[in-house]
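S.K.: Mind docking chain H on chain C? Use the hints.
Keeping their order, the protein sequence lines are chains C and H.
The opening residue of the first sequence carries number 31 in my numbering; numbering runs sequentially from there.
The opening residue of the second sequence carries number 4 in my numbering; numbering runs sequentially from there.
Keep in mind that the hints were calculated from the coordinates and are not lab data.
Positions of the beta carbon are idealized from the N, C-alpha and C atoms, including for glycine.
There may be inaccurate statements among the hints.
As the list claims (entries may be wrong) - Computed from the model, here is a short list of chain C residues facing chain H with C-beta under 10 angstroms:
| # | residue |
| --- | --- |
| 1 | 111 |
| 2 | 114 |
| 3 | 147 |
| 4 | 148 |
| 5 | 160 |
| 6 | 162 |
| 7 | 163 |
| 8 | 165 |
What the hints assert, rightly or not - Below are the DSS-like pairs computed for lysine-lysine, each with C-alpha atoms no more than 27 angstroms apart in a straight line:
| # | chain 1 | residue 1 | chain 2 | residue 2 |
| --- | --- | --- | --- | --- |
| 9 | H | 16 | C | 193 |
| 10 | H | 16 | C | 187 |
| 11 | C | 129 | C | 193 |
| 12 | H | 413 | C | 129 |
| 13 | H | 16 | C | 200 |
| 14 | C | 238 | C | 185 |
| 15 | C | 169 | C | 200 |
| 16 | C | 200 | C | 212 |
| 17 | C | 169 | H | 6 |
| 18 | H | 413 | C | 189 |
| 19 | C | 187 | C | 129 |
| 20 | H | 6 | C | 129 |
| 21 | C | 129 | C | 169 |
| 22 | C | 169 | C | 212 |
| 23 | H | 16 | C | 189 |
| 24 | C | 193 | H | 6 |
| 25 | C | 185 | C | 169 |
| 26 | C | 129 | C | 212 |
| 27 | H | 413 | C | 72 |
| 28 | H | 329 | C | 193 |
| 29 | H | 6 | H | 16 |
| 30 | C | 187 | C | 200 |
| 31 | C | 200 | H | 6 |
| 32 | H | 6 | C | 212 |
| 33 | C | 185 | H | 6 |
| 34 | H | 16 | C | 169 |
| 35 | C | 212 | C | 189 |
| 36 | H | 329 | C | 72 |
| 37 | C | 187 | C | 212 |
| 38 | H | 16 | C | 185 |
| 39 | C | 187 | C | 169 |
| 40 | C | 169 | C | 189 |
Spelled out, the chains give:
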Amino acid sequence: MLLLHFLFGLLKSLTFLYNLPIHQKSEEIMAPILEVRDLVKKYGDFTAVKGISFSVEEGEIFSLLGPNGAGKTTTISVISTLFAPSSGDASVYGFSVLKDPMAVKGCIGVVPQELALYEDLTALENLNFWGQMYGLSGKALSDRIAEVLDQIGLKDKAKQRIKTYSGGMKRRVNIGIGLLHKPKLLFMDEPTVGIDPQSRRAILDSVKELNQQGMTILYTTHYMEEAQELSDRVGIIDHGELIALGTQEELTRQVDETDTLVLHIAENEDPQPLVERLQSLDGVRRADAIDHEISLITHSAQELIAPAIRAAEETGIKIYSMDIREPNLEAVFLHLTGRALRD
Amino acid sequence: MRKLFIIALKDLKLIFRDPAALILMLLAPFLITLGMGFITGRFSGNTNAGISSIPVAIVNQDEGELGQALKAVFRSEELADLVAPTFPTRPEEATRLLEADEASAAIIIPPGFSNSIIPDEGGSISGDIIQIDFIANPNAPTNAGILRSILNSFLTQVEVGRIGAEVTLSQVAQTGKLTPELAAQLGEVFGTQLAQQSAQTRPIQLKNTTASGAAVKFDLLMYFAPGMALMFLMFAVTYGGRSLLLENRTGTLPRLLQTPTSSAQILGGKVLGIFLTAVTQLSILIGGTSLLFRLDWGQPLGVVLLILAAAFAASGWGSFMATLFKTPAQVANFGSIIMLVFGLLGGSFFDMSLLPEWVSMLGKITPNAWGLQGFTTLAGGGTLSSIGEPLLALALMGIILFAAASIWMKRRGLARK
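Bound-form chain C, shown alone:
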């Protein structure tokens, strides 16, 4: 029995070693490399994750989309072995987070939401330290650091301390650390929070590039647009529960009869009076304003154009332009929860 156990362990280790180097995205049959089964995580009386199950297939970008506090970070924390699950299990390449946490850690890379960097060390020193923590050393480490610095575009500023960097540069180093050991499965937990649009664009492009190189990515976000742009499949999470799962087409099919009418108003205008007026119109399921953009969720956007213009005139707010958007993940979330993602 012991011998069998040993042989099984050896086989798993060899499989793990064989799978380590990343390779080009292939057209082969996708196999789940991450499986989450009935995962529950409790903190005292509070249940942060309530028995979620999903799998991530090799080579895909899988997004967990949900508002702040939905349980996305807790899910990643458990899958990455930071916290033990209260019940249920997750496995990466067949290694259980409960039984083989060290093997799981060897397969994954993590880009945490917070900037987990040593501010008084330079980018080079940070990469050197974290590379060693991932078991790299010598020439392999220095070569890999050079590659990553090139990848994140910080070669020239590598010898500056992190505390002198801008928020976007710090984010790039934060991501670079997660890539050092060329993980096959990368967890990215809200990597674009709190950065400028330019840096955000660069990060989204780099996520796509990494995926094209063959890296499987589990991406969490509360930005619908990011999930829509990046993901092969999306899991929508709310209050610790996975409330929907599938490709974007599969998900938006649930809300086929839902349109979004977007009104653009002047930047110096207060949108609130118009939002309140629009909310009272027949056929409007929800009206929300973000900056100078008001979104109306409705069954028929076409029919709402004229009433919306009238409402704007009544409130004295000028509409500069408007467009109709196809059903999207925001609408799916609204359909399922009755709330907007940013609520």
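M.R.: For chain H alone, coordinates are given in the frame of chain C:
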């Protein structure tokens, strides 16, 4: 093991890049020691200027050589500027001088003190060693501390001589060539030699002879420098303990736990980092004061062992604090309080004998008290054998605290939500 050192060295690098930490770890103790040097006139060319003519009442009820030797020390030319001894005949007179603030301390040498150490003509020693009474005047803490330091140095010298004589006799007796009668006679000879040595060479700490044979004079800074170094050592270990909680808050600890590095390696690395910081700080302070103030800290091997032991015990406290408190701010705030309390209890500010006995006993939980005892003993001419007690106490303290911190940490888990 490699990862453990990588984590420790990273922490060491981080602390030495923090200007605020450097100020408190290195600059503050240096400046305070420097200030004490100026106050005591250490840098004006006169070693005893600033503090001089410290009144001390010495009651010698002993009729033996050692009592006379101690009196001779306080009458010596080397201490002529520093102390002003009076020799009342009865303890009550000494107490009266203390109460009238006419003496900073009283030293009572009880009857039979010499005979409890040196064999009499019949070769016998009168039971247990009789203790000398040192009564400090609470109104003159610094002066009392200096007097106590001089007395300790004398006693250390006597102790070293006594152990030397006992070991030599014992070794000769084991060869079978020495009869008990002859041993008794030899004991008398050794005892007499010891007394003569004590009296003639003013053995004591004032006459700590260096390897080159040159005499080193009693140095007031040797009382203050270790006190300050040990007090600010607690700051360094508090900083180290705080870094564990800080890393949890900033996310680097959770990130470490998501790498293929075990909790034991991470905790071990953090603790090693605290220890290395403490060793580095003490070494710099001791090395620096040796070079800048020309302090003689005593036997190098003993100093190294004491640095390691004090750093070990203090690191234990640092690790324990990291488990006791929940936030970096708590560790920083309570750490500062603990640093000051340990400084007070451990004798960094004034002589512990001024405090009630239970407070002095309480002070024994601090690395400061044991470290100070060890360093002043070494500086006073003590050898490795004379610092055995503080070394052992510091090592035990470290082991107990590290064990407690490990158990607590294991129960609670390294990362916190």
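S.K.: Decide, hint by hint, whether the structure agrees.
M.R.: Structure-based check of each hint:
1. 111: Where the cut-off is 10 angstroms and the nearest Cβ of chain H is about 7 angstroms from residue 111 of chain C, the hint holds.
2. 114: holds, 9 angstroms
3. 147: With Cβ-Cβ at 7 angstroms, under 10 angstroms, it holds.
4. 148: With Cβ-Cβ at 6 angstroms, under 10 angstroms, it holds.
5. 160: holds, 7 angstroms
6. 162: Holds, about 5 angstroms.
7. 163: Result: holds, 4 angstroms to nearest chain H Cβ.
8. 165: holds, 6 angstroms
9. H:16 x C:193: holds, 15 angstroms
10. H:16 x C:187: Holds, at about 20 angstroms.
11. C:129 x C:193: violated, 38 angstroms
12. H:413 x C:129: Holds. Residue 413 of chain H to residue 129 of chain C sits at ~18 angstroms (cutoff 27 angstroms).
13. H:16 x C:200: OK: residue 16 of chain H and residue 200 of chain C at ~20 angstroms, within 27 angstroms.
14. C:238 x C:185: Judged against 27 angstroms, a Cα distance of about 21 angstroms means the pair holds.
15. C:169 x C:200: holds, 25 angstroms
16. C:200 x C:212: Since the Cα atoms of residue 200 of chain C and residue 212 of chain C sit roughly 20 angstroms apart, the hinted pair holds (cutoff 27 angstroms).
17. C:169 x H:6: Holds, because 17 angstroms separates the two Cα atoms, which is no more than 27 angstroms.
18. H:413 x C:189: violated, 37 angstroms
19. C:187 x C:129: violated, 41 angstroms
20. H:6 x C:129: holds, 23 angstroms
21. C:129 x C:169: violated, 33 angstroms
22. C:169 x C:212: Given that 27 angstroms is the threshold and the Cα spacing comes to 15 angstroms, the pair holds.
23. H:16 x C:189: holds, 15 angstroms
24. C:193 x H:6: Holds. Residue 193 of chain C to residue 6 of chain H sits at ~25 angstroms (cutoff 27 angstroms).
25. C:185 x C:169: holds, 17 angstroms
26. C:129 x C:212: holds, 23 angstroms
27. H:413 x C:72: holds, 19 angstroms
28. H:329 x C:193: Roughly 26 angstroms separates the two Cα atoms, so the pair holds.
29. H:6 x H:16: This hinted pair holds, its Cα atoms lying about 15 angstroms apart.
30. C:187 x C:200: It holds: about 11 angstroms lies between the C-alpha atoms, which stays within 27 angstroms.
31. C:200 x H:6: Distance ~24 angstroms between residue 200 of chain C and residue 6 of chain H Cα, so the pair holds.
32. H:6 x C:212: Holds, at about 20 angstroms.
33. C:185 x H:6: Given pair residue 185 of chain C, residue 6 of chain H holds - Cα atoms ~26 angstroms apart, limit 27 angstroms.
34. H:16 x C:169: holds, 23 angstroms
35. C:212 x C:189: Distance ~23 angstroms between residue 212 of chain C and residue 189 of chain C Cα, so the pair holds.
36. H:329 x C:72: It holds: about 20 angstroms lies between the C-alpha atoms, which stays within 27 angstroms.
37. C:187 x C:212: Holds - the C-alpha atoms of residue 212 of chain C and residue 187 of chain C are around 22 angstroms apart, at most 27 angstroms.
38. H:16 x C:185: holds, 22 angstroms
39. C:187 x C:169: holds, 21 angstroms
40. C:169 x C:189: Since the Cα atoms of residue 169 of chain C and residue 189 of chain C sit roughly 19 angstroms apart, the hinted pair holds (cutoff 27 angstroms).
The structure does not agree with the numbered hints 11, 18, 19 and 21 stated previously, though it agrees with the rest.
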